[in-house]
Amino acid sequence: MQPDSRHFKANAEAALREPRLQAALKQLELGFVAGRQRCYEALPEFESLRDRARDILDHTLENLDAYLVEYESRVIESGGQVHWASTPVQAREIVIDICRAAKARSVIRGKSMVGEEIGINDALEAAGFEVTETDLGEYILQLAGEPPSHIVAPAIHKTREEISDLFFEHHREHGFTQRQTERSALVAEARQVLREKFLGADVGMTGANFLIAETGSNVIVTNEGNGDLSSTLPRVQIVTAAIDKVVPTLEDASLLLRLLGRSATGQEITAYTTFTTGPKRARDADGPGEYHVVLIDNHRSEMLGSELRPMLRCIRCGACMNHCPVYGRVGGHAYGWVYPGPMGSVLTPIMVGLDEAGHLPNACTLNGRCETVCPVKIPLPTLLRSLRRRQHLQRQNSRLARIALSLWTWVALRPRLYQALTRPAMSLLSRLGAKSGSFRRMLLASGWTRVRDLPAPQGSTFQARWQQRQRGRK
Amino acid sequence: MSAAREQVLSRVRTALGRGEPGDAQVAEIRARIERHPRHIEPVFDEPAPLRFRQKLEAAEASCATLDSLAQVGAEVERYLDQAGVAKRLVVSGDELLQSIDWPASIDVRPWVAGSDERVSLTSAHRGIAETGTLMLLSGENNPTRLNFLPDYHIVVLTADQLVLRMEDAWDSLRSCFGEMPRTVNFISGPSKTADVEQTVEYGAHGPRCLHVILVG
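Sequences listed follow chains A and B, in order. When you number the first sequence by our numbering, it's gap-free, plus one each residue, and the end is 474. When you number the second sequence by our numbering, it's gap-free, plus one each residue, and the end is 216.
If we strip away everything but chain B, and leave its shape as in the complex, we get:
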């Protein structure tokens, strides 16, 4: 153990007027971590899908609601047409996205290192209604770069993936995985900056446009 570590910890303990924490104290804070109590959570009345969509749109993301996964291909084509960009798409390896039927007019490729990353399509682990936020997890099939490098980021989410609050998303993460993925991205709109004259411009470093397709 480094000398600096001991120095910092001993200064902290001196400041707190005690020595090393006793077993009881350590047990107490571990128990609090284990319990991870929830705190005050803001109340809202709107149904989750409505709230989710309203909040996303307020942050200048766009949102489409579809009945079934079979319509995703056509919706992506409509979106790319409207945006006026070439119909080339790099798709993450997430299972949900593999069952999409793509129109022949879109050049769809699975992501590999070195892919053209101008337009990406990914899934999300959860959508959070309170703030209109997507929760995306890194992993074997989900490179984090697809959430940030493209100009256009399209995210497919099913209605049963919607939760009310960030705390619900944590519960879901704990029960599905039992550990933190390397990266958890909460995304609540396209990239933006107000560093020039305190006025908002979109597409600072991340995607200029975020399109969410909510299915079911």
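Looking at chain A on its own, in the form it has when it is part of the complex:
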């Protein structure tokens, strides 16, 4: 998809005025956030699992080339094929070549964020293949012609009425002439339409939650079972996966699975967790005859060599966005590309460019909730700050911001001057705002006061109070 992150501010403002989106986002707090909290309280080992998960993934990243080569060898031994892609363009070409060589007509897809990242649907359709998303949320969005707005619950912004309309419009050709409005009827209708697609598809595409170096397996975590049908029924399976998905062993994956469901949807385990290894064996009753894995870099090796390396631990649970006060108000589409929320604000500038996505690292209050809930302890606020620093060094922030920062730096490096300026200023503001306790307007602070009041200072500066306190102790 074409990135639209440069319009974050306008998109966010529009989102704030969208009542249906606001209602859906409120639901997130009651569902995913409360669910994760219940799981957290029920598992005394949660914190130690997070530490261990971080250590396992750091070890894997430190040896990433070696683990990727091990993984590749195991896939080949099990009869599968491994393809490598540096860029989304290469990845798309590989997938299209496989589909052409297999003389395929129709492709079904299980939900995959890296598939979105490389824009595989548009590319396959342009190459003449019929593509059907099978995750219910992704299917709804395919009918609507929209990108996902959440990495776990892609159609979170869609209301039941909108889904009714979409199905009524698109399912007539499948013989469904009634407009269904009940949730169960909508799910049942999609099941019937998609069942036909499953049974008729030539190629099944999935992503991977993990790749296992020990066995050459890919792991898929779902509740619907669509990824499993996509891996089982068609005669060709293609797995698209980023290079940071590899973990050493089945035990390592088991530990991460304990964190994934709990952090994502508040489930100890999802309905289906499936490990797939190579194509159908000679004596197997079913399964695809061909098994391909496309390993995609797309700037991940660059992140590996920078201070952003911890981002590669991400297991795509979505907890950071569920707990983000900014995501919680503006939703996923405002971020303008595939990955929204805190993790998206780190990934998008790297994958589509800091000039395009420069707003995202700044659309953050650095409150730290994302880091607190991250199952693999990614220091997201630190990474966002480091992107802001890159912006400043590359002179990509506004001229005004650069001048103000330089000025502030100059003053802050001179403590006496700093105190001489701030003490009277705070005292003056405190007296001016004493009556109402806040300001509705202030010179040079309209960016703040346009949408909210500015609280008045309490009288003296923090430094002055601190000195007073220290003196009091002696």
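Since the hints were made in silico from the structure, they are not lab data. Fair warning: this is a prediction, and the values are worked out from it, not measured in the lab. Glycine is no exception: its CB is placed at the ideal position from the N, C-alpha and C atoms. Some hints could be false.
[Unchecked claim] Across the chosen pairs, the derived CB separations fall in these ranges: (1) B:Q25 with A:E302: 18 to 28 angstroms; (2) B:W102 with A:R100: 41 to 51 angstroms; (3) B:E34 with A:P379: 31 to 41 angstroms; (4) A:P19 with B:G216: 40 to 50 angstroms; (5) A:Q81 with B:F177: 22 to 32 angstroms.
[What the hints assert, rightly or not] A short, non-exhaustive set of chain B residues, derived as facing chain A with CB atoms under 10 angstroms: (6) I29; (7) H36; (8) G84; (9) K87; (10) W102; (11) T144.
[Claimed, not checked] Stretch-level coverage of chain A by chain B, calculated; a stretch enters the list once three of its residues show a Cβ under 8 angstroms from a Cβ in chain B: (12) 9-23; (13) 99-109; (14) 140-150; (15) 212-225; (16) 249-255; (17) 271-281; (18) 428-439.
Please build the complex by placing chain B on the supplied structure of chain A, with the hints as guidance.
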């Protein structure tokens, strides 16, 4: 070897500040894989069968406990009656299931390609108590589609197949087979979705109902 492969690996190595991994490094990671160390495993006090059943039922699967395999036929009939579906059953070729005595009132057929797959009966390799999870393996007698295409999926498991955790199930797989089957399905309840208004509906793509019969 493709150019892209070399490019990706060389970028990874540059990022890690070194060249190709040396023999010692490769030996070290292979040794770690060989050891496949276990990590922190959550502690629980309930006996395995109780925990297994509680977790399954919490995920909206149903569970029956029987004393012997001889009672399975009657239990399946009771279940189908209660569900109100036609008594037609497609059974996987697993050995355990071949010794079941079926009442004449149930139309039981072995699975072949093209079978009516509305109700399926399969076995499982292991049951995992920690999460109430079934571990099913693909193979000559076990088509994976029987775990996903039916509306009703019935699974027979004997008590001695219960283990405490996923890691125990891996150990069992390693010692029984020595290699990964093509497909390992961990199933912890019926198929569901919350993609319409973040509210759970059952039977998204896979079975609407999962019934587990625990024997012994």
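The hints, checked one at a time:
1. For B:Q25 and A:E302, the Cβ-Cβ distance of about 22 angstroms falls inside the hinted range of 18 to 28 angstroms, so the restraint holds.
2. With their beta carbons about 48 angstroms apart, B:W102 and A:R100 fall inside the hinted range of 41 to 51 angstroms.
3. For B:E34 and A:P379, the Cβ-Cβ distance of about 33 angstroms falls inside the hinted range of 31 to 41 angstroms, so the restraint holds.
4. At roughly 57 angstroms, the beta carbons of A:P19 and B:G216 sit outside the given window of 40 to 50 angstroms.
5. In this structure, A:Q81 and B:F177 meet the distance hint of 22 to 32 angstroms, their C-beta atoms being roughly 23 angstroms apart.
6. With 10 angstroms as the threshold, the beta carbon of B:I29 comes within range of chain A, its nearest partner Cβ sitting at about 5 angstroms, so the hint holds.
7. Annotation: interface hint on B:H36 holds; nearest CB of chain A at approximately 4 angstroms, less than 10 angstroms.
8. Below 10 angstroms, beta-carbon pairs count as interface contacts, and B:G84 has none with chain A, the closest being about 17 angstroms; its hint is therefore violated.
9. Residue-level restraint check for B:K87 is violated (minimum Cβ-Cβ distance to chain A is 23 angstroms; threshold 10 angstroms).
10. Because the closest C-beta pair between B:W102 and chain A is about 21 angstroms apart, greater than 10 angstroms, the hint is violated.
11. With 10 angstroms as the threshold, the beta carbon of B:T144 comes within range of chain A, its nearest partner Cβ sitting at about 5 angstroms, so the hint holds.
12. For the stretch 9-23 of chain A, the stated coverage by chain B is not satisfied: 0 residues place a CB nearer than 8 angstroms to a CB of that chain, which falls below the threshold of 3.
13. Only when three residues or more bring their CB closer than 8 angstroms to a CB of chain B does the claim for the stretch 99-109 of chain A stand; here the count is 0, and the claim is violated.
14. For a cut-off of 8 angstroms, the count of residues in the stretch 140-150 of chain A with a CB near a CB of chain B stands at 1, and the three-residue condition is violated.
15. Proximity of the stretch 212-225 of chain A to chain B, defined as three or more residues with a beta carbon under 8 angstroms from a beta carbon of that chain, is established by the 8 residues found.
16. A count of 6 residues in the stretch 249-255 of chain A with a Cβ less than 8 angstroms from any Cβ of chain B is obtained; the coverage claim is therefore met, three being the minimum.
17. Beta-carbon proximity to chain B at under 8 angstroms applies to 11 residues in the stretch 271-281 of chain A; the threshold of 3 is reached and the given coverage holds.
18. Counting residues of the stretch 428-439 of chain A whose beta carbon lies closer than 8 angstroms to any beta carbon of chain B gives 0, which falls below the threshold of three, so the coverage claim is violated.
Of the hints listed earlier, those the structure fails to meet are numbers 4, 8, 9, 10, 12, 13, 14 and 18, in rising order.
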